[in-house]
Amino acid sequence: MKSQNMITKKKIRFIVNPISGNKKKTDIEHIIEKVLDHNKFTYEIKYTTHRFHATELAQNAVNEGFNIIVAIGGDGTVNEISRELINTEVLFAIIPIGSGNGLARFLKIPLKIKQAIKLINHCNRFKMDTIQINDDYFVNMAGVGFDAHIAHLFANYGKRGLQSYVKLIFKEFSRYKNETYQLIIDNKPININAFLISFANSSQFGNNAHIAPLAQINDGLIDICILKKFVWWKAIFIVILMYSKSLAKSKYYEVIKAKELEITYPENLQMHIDGDPITFSSIVKIKLHPQSLHIIIP
8 MKSQNMITKK KIRFIVNPIS GNKKKTDIEH IIEKVLDHNK FTYEIKYTTH RFHATELAQN
68 AVNEGFNIIV AIGGDGTVNE ISRELINTEV LFAIIPIGSG NGLARFLKIP LKIKQAIKLI
128 NHCNRFKMDT IQINDDYFVN MAGVGFDAHI AHLFANYGKR GLQSYVKLIF KEFSRYKNET
188 YQLIIDNKPI NINAFLISFA NSSQFGNNAH IAPLAQINDG LIDICILKKF VWWKAIFIVI
248 LMYSKSLAKS KYYEVIKAKE LEITYPENLQ MHIDGDPITF SSIVKIKLHP QSLHIIIP
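At position 223 of the sequence shown (counting the first as 1) the number is 230 in the working numbering, and the numbers step up by one without a gap.
There's no promise every hint is true.
In silico SDA-like pairs for lysine to any residue, Cα to Cα no more than 25 angstroms straight-line [said to hold, decoys possible]:
hint	residue 1	residue 2
1	Lys235	Ala158
2	Lys294	Ile191
3	Lys18	Gln122
4	Lys266	Gln189
5	Lys134	Phe73
Since the hints were made in silico from the structure, they are not lab data.
Just so you know, these numbers come straight off a predicted model, no measurement behind them.
Given the sequences, and given the hints that come with them, work out the whole structure.
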């Protein structure tokens, strides 16, 4: 006969992206076994092998009655898993091992694996907003304009890493032209000419680069962050303001808070969702779902 403790243990599925970031993956199983509270949880570990495999593993875990699903990876892995947990009672957790870790940094989830697992032991539940974009979802950031342009180029750039990413930004900055977007924001039409527009749930892209310094993740609003074209020598000041959470001070920056919006574009629209490139048809609808994801935070 099973004890009462065994019956009430919560089931956890850890989903690991083995190519995310630069942290060693070989120690993860050992650290989980050592640090996780076995009086509270039983667990299993699954590894992804291809894009959207994490989504499949999360969906299966929900169907199999797991109580907690943990993303071990970067922002892309977080996105793939979290979309399957929206409007469910399944609890989401993050062990951040990616290069940017935008949502984890915003939520102050420890970047050290042991500390992130200890957070799961405490199981402090928080309800956060999520955002729907046509038939997709995201929990951190999406955008159009220069950052989306870079995301699409970088996907096929060949050489990876931060150095290659920065090199591509410098190469493309001077030749990139502002685009004009037709938006309907909370039923009000507006034309915006912009260098980039970010649709933010949290405040940052990742690596503490804050494009939406005033964003709150449970306020029921999307931060529509508009950055206008600036001359090249102003770039360093824009970067400083971004990393000091002071971008709202720039005359090139504007933010509009809204519950939903629609983008109309004369041709296919290049965007990014949490840094991953995606192309939409000419109409894109974005809508916030308030407090629709249960997540473990400090």
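Going down the list of hints, with the structure as the test:
1. For the proposed pair Lys235 and Ala158, the alpha carbon gap of about 19 angstroms is at most 25 angstroms, so the pair holds.
2. Distance hint between Lys294 and Ile191 is fulfilled; the C-alpha atoms sit about 12 angstroms from each other, no more than 25 angstroms.
3. For the hint pairing Lys18 with Gln122, the CA-to-CA distance comes to about 20 angstroms; that is within 25 angstroms, so the pair holds.
4. Taking the CA atoms of Lys266 and Gln189, the gap is about 17 angstroms. The hint holds against a cut of 25 angstroms.
5. Simply put, Lys134 and Phe73 have alpha-carbon atoms about 18 angstroms apart, close enough for the 25 angstroms limit, and the pair holds.
Figure legend: structure checked against the earlier numbered hints; every hint is met.
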